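**Q** So the chains spell out like this:
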Amino acid sequence: MNKAGITVLLVLLAVLLIVFAYAGFARRQTAMLQRPLLPVAFEHIDHNEQPCADCHHNYVDDTGGGACYNCHKLTPELAPEMESMFHDFCRECHVEKRMHAQESGPLRQCSLCHH
Amino acid sequence: MSELSRSTGRRRWALRFFAGLCACLALPVLLIMQMPVVPAVGIAWDLANLLGYLALACCLLLFIYAGRPRRSPPFSGRFFANLHRDIGYIALILVIAHVGILLVSEPLLLEHLKPTAPFYMLAGLMASLILLFLVISSIPHWRRRIWPNYRHFKFLHAWLAVACVALCCWHVLVSQFYLNTGIKLVVGSLAAMAVFGFYLWGRYHGQGPAQRQSRLRDTAVYSHPIAYGSLVLLLIVAVGIAVLRVPQ
Numbered sequence: 001m002n003k004a005g006i007t008v009l010l011v012l013l014a015v016l017l018i019v020f021a022y023a024g025f026a027r028r029q030t031a032m033l034q035r036p037l038l039p040v041a042f043e044h045i046d047h048n049e050q051p052c053a054d055c056h057h058n059y060v061d062d063t064g065g066g067a068c069y070n071c072h073k074l075t076p077e078l079a080p081e082m083e084s085m086f087h088d089f090c091r092e093c094h095v096e097k098r099m100h101a102q103e104s105g106p107l108r109q110c111s112l113c114h115h
Numbered sequence: 001m002s003e004l005s006r007s008t009g010r011r012r013w014a015l016r017f018f019a020g021l022c023a024c025l026a027l028p029v030l031l032i033m034q035m036p037v038v039p040a041v042g043i044a045w046d047l048a049n050l051l052g053y054l055a056l057a058c059c060l061l062l063f064i065y066a067g068r069p070r071r072s073p074p075f076s077g078r079f080f081a082n083l084h085r086d087i088g089y090i091a092l093i094l095v096i097a098h099v100g101i102l103l104v105s106e107p108l109l110l111e112h113l114k115p116t117a118p119f120y121m122l123a124g125l126m127a128s129l130i131l132l133f134l135v136i137s138s139i140p141h142w143r144r145r146i147w148p149n150y151r152h153f154k155f156l157h158a159w160l161a162v163a164c165v166a167l168c169c170w171h172v173l174v175s176q177f178y179l180n181t182g183i184k185l186v187v188g189s190l191a192a193m194a195v196f197g198f199y200l201w202g203r204y205h206g207q208g209p210a211q212r213q214s215r216l217r218d219t220a221v222y223s224h225p226i227a228y229g230s231l232v233l234l235l236i237v238a239v240g241i242a243v244l245r246v247p248q
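Line by line, the protein sequences are chains A and B.
Throughout the first sequence, residue numbering follows the numbering used here, covering 1 to 115 in sequence.
Throughout the second sequence, residue numbering follows the numbering used here, covering 1 to 248 in sequence.
Source of the hints: derived by calculation from the structure; they are not laboratory data.
From a predicted model like this one, the values you see are computed outputs, not experimental measurements.
Ideal Cβ positions, reconstructed from N, Cα and C, are used throughout, including at glycine.
Some hints here could point you the wrong way.
Simulated pairs of lysine-lysine, DSS-like, Cα-Cα distance not exceeding 25 Å [what the hints assert, rightly or not]:
hint : chain 1 : residue 1 : chain 2 : residue 2
1    : A       : Lys3      : B       : Lys154
2    : A       : Lys73     : B       : Lys184
3    : A       : Lys97     : B       : Lys184
Partial list, derived from the structure: chain B residues whose beta carbon lies under 7 Å from chain A [claimed, not checked]:
hint : residue
4    : Pro39
5    : Val41
6    : Gly42
7    : Glu106
8    : Pro115
Chain A residues, not near chain B, derived (Cβ > 12 Å throughout) [said to hold, decoys possible]:
hint : residue
9    : Leu12
10   : Ile18
11   : Phe25
12   : Phe42
13   : His44
14   : Ile45
15   : Asn48
16   : Glu49
17   : Asn58
18   : Asp61
19   : Gly65
20   : Cys68
21   : Thr75
22   : His87
Can you make the complete structure from the sequences, with help from the hints?
**A** Structure below.
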């Protein structure tokens with residue numbers, strides 16, 4: 001294949017890549033809204049030492065009511081970020097406690113929370 | 001110089017290089033784990049992630065030993081070509097072990113291989129697929145079929161390798177479990193950029209005189225024991241660290 005052929009091939013590949021990336025991104029957003037929630041093992045009694053408003057922020061900042069999922073799963077703007085938001089939120093506290101050699105609960109293993 | 005002293009010289013260089021290679025691959029990983037200490041999660045989890053970090057270290061090393069002769073060790077050109085290929089295979093073995101151990105110990109991680117996974121996980125998946133393609137397409141039988149012109153292969157191989165390591169770095173930096181402090185993030189990023197810089201400098205400005213005269217001959221065979229020996233040693237060290245880190 002000559003140089004011109006390779007250039008045309010590379011341009012075509014780049015265009016295809018952009019089209020696939022765009023289609024994939026759009027599909028991903030829809031799939032994230034539609035996918036079912038995983039079961040989460042969360043016991044209030046294990047989190048008694050935490051201030052309530054750390055999780056129930058809506059009672060303080062007036063951003064909604066009811067269970068977490070009412071907003072974080074059902075609002076299209078928040079739903080795609082829900083997984084990373086909840087993971088970061090729980091993990092930050094658990095890792096911090098483990099770093100100080102305190103009882104921390106699970107750190108990263110999926111099956112310890114989602115069972 | 002007698003054949004005996006030449007042979008001793010070759011072995012001494014090979015041992016020295018083996019020790020240096022193991023240190024280069026293992027030290028950054030140990031520092032990431034211990035400075036400051038990252039809390040242990042579990043043997044399988046920590047082992048899998050150690051192997052993932054070693055795979056990234058191997059990928060970065062492939063840019064330093066990119067198949068061309070280097071000043072040190074003063075071995076034949078064939079040695080460096082073999083070493084590049086062997087370290088590539090080792091990187092792929094480590095990535096397969098990293099993904100395999102995590103999926104077996106935490107099957108729910110399959111969710112992170114779907115299109116709905118976080119972008120840093122998709123970056124890791126894409127990097128693994130690129131690495132697989134790089135390794136398979138470099139096997140001479142396939143390479144000659146796909147690219148009759150060696151220069152085209154070399155061009156695409158180099159840029160896909162850059163893309164692979166960039167995606168790996170994204171995967172590692174954003175997952176932020178072991179690179180858990182600002183200093184670690186900065187040092188890790190600088191180290192990766194230094195390796196890229198070193199590679200690009202060599203690629204566009206040459207690597208100095210080849211010094212063919214002073215190279216030790218019949219040294220190509222040393223690449224296999226050095227590369228796979230370091231793999232075995234690093235696996236033993238990784239298992240040891242993973243076991244010792246978990247609180248009894």
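**Q** Using Cβ atoms and 12 Å as the threshold, tell me whether A:Cys68 really stays out of contact range of chain B.
**A** For A:Cys68, whose nearest Cβ neighbour in chain B is about 19 Å away, the distance exceeds 12 Å, so it holds.
**Q** Does B:Glu106 hold up as a contact with chain A if the rule is Cβ-Cβ below 7 Å?
**A** It holds, given that the least Cβ distance between B:Glu106 and chain A is near 5 Å, below 7 Å.
**Q** Could you grab the alpha-carbon distance between A:Lys3 and B:Lys154 and see if it respects the 25 Å cut-off?
**A** 15 Å, holds
**Q** Beyond 12 Å from chain B, beta-carbon-wise, is A:Thr75?
**A** 17 Å, holds
**Q** When you look at the beta carbon of A:Asp61, is every beta carbon of chain B farther off than 12 Å?
**A** 26 Å, holds
**Q** Are all beta-carbon distances from A:Ile18 to chain B longer than 12 Å?
**A** A:Ile18 is indeed farther than 12 Å from all Cβ atoms of chain B, at 15 Å.
**Q** Since A:His87 was said not to touch the interface, does its Cβ keep a gap of more than 12 Å from each Cβ of chain B?
**A** For A:His87, whose nearest Cβ neighbour in chain B is about 9 Å away, the distance does not exceed 12 Å, so it is violated.
**Q** Would you check the hint for A:Lys73 and B:Lys184, treating anything up to 25 Å between C-alpha atoms as holding?
**A** 34 Å, violated
**Q** Assess, step by step, whether the Cα of A:Lys97 is no farther than 25 Å from the Cα of B:Lys184, and give holds or violated.
**A** 20 Å, holds
**Q** Would the hint on B:Gly42 stand, with a C-beta cut-off of 7 Å toward chain A?
**A** 6 Å, holds
**Q** Verify the interface restraint on B:Pro115: the C-beta must sit less than 7 Å from at least one C-beta of chain A.
**A** Hint on B:Pro115: holds, closest Cβ of chain A at ~5 Å, below 7 Å.
**Q** Grab the minimum beta-carbon distance between A:Glu49 and chain B and tell me whether it stays above 12 Å.
**A** Since the minimum Cβ distance to chain B is about 19 Å, A:Glu49 lies beyond 12 Å and the statement holds.
The structure is inconsistent with the numbered hints 2, 11, 22, although it conforms to all the rest.
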